[in-house]
Amino acid sequence: MTTTKKHLKSDSECPPLKENQLRLYSMRFCPFVQRTKLVLAAKNIPYEEILINLGDKPDWYLKKHPAADVPLLEWIDSSSKKAQSIPESLVISDYLDNLYNVHRLHPNDPFNKAKQQILLSKYGNV
4 MTTTKKHLKS
14 DSECPPLKEN
24 QLRLYSMRFC
34 PFVQRTKLVL
44 AAKNIPYEEI
54 LINLGDKPDW
64 YLKKHPAADV
74 PLLEWIDSSS
84 KKAQSIPESL
94 VISDYLDNLY
104 NVHRLHPNDP
114 FNKAKQQILL
124 SKYGNV
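Positions 4 to 129 (the numbering used here) are the ones given, in order, by the sequence shown.
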């Protein structure tokens, strides 16, 4: 994992996105980002972390993600060669769990997975 040393703000330029690399836009103390980082670590997935100043957001980040919150996962699609992205920590976690089929986060059994999702929906926002 590589991380920018400072939070990028309105006068910052967007770093170029590399092929074959996941990029996580984050903010150092965001608990939702921490959830995503735990998934990336548990699955040993390499990624680049770009810190965003949420009080003074870069214009280019607003264009990528109009809601302008974090986390946002971005990559270059291998077939179209275009940037793609997914917001929201739980959605990112599910995406990574399906894409990287090692150290599964959810049970394979549909009933047990449903029970786990009930627990997450009930206590996941605490």
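Be a bit skeptical, because a hint or two may be false.
What the hints assert, rightly or not - Label pairs and their in silico Cβ distance ranges:
no. : residue 1 : residue 2 : range
1   : A45       : T6        : 10 to 20 angstroms
2   : T7        : S81       : 16 to 26 angstroms
3   : D14       : A117      : 24 to 34 angstroms
It is worth saying that the hints were derived from the structure and are not from the lab.
The beta-carbon is built from N, C-alpha and C at its ideal position, and this holds for glycine as well.
Verification of the supplied hints:
A C-beta distance of roughly 18 angstroms is found between A45 and T6, which places it inside the suggested range of 10 to 20 angstroms. Evaluation of the 16 to 26 angstroms hint for T7 and S81 yields a pass: the beta carbon distance comes to about 25 angstroms. Checked against the hint of 24 to 34 angstroms, the C-beta distance between D14 and A117 comes to roughly 47 angstroms, which is inconsistent with it.
The structure is inconsistent with hint 3 alone, although it conforms to all the rest.
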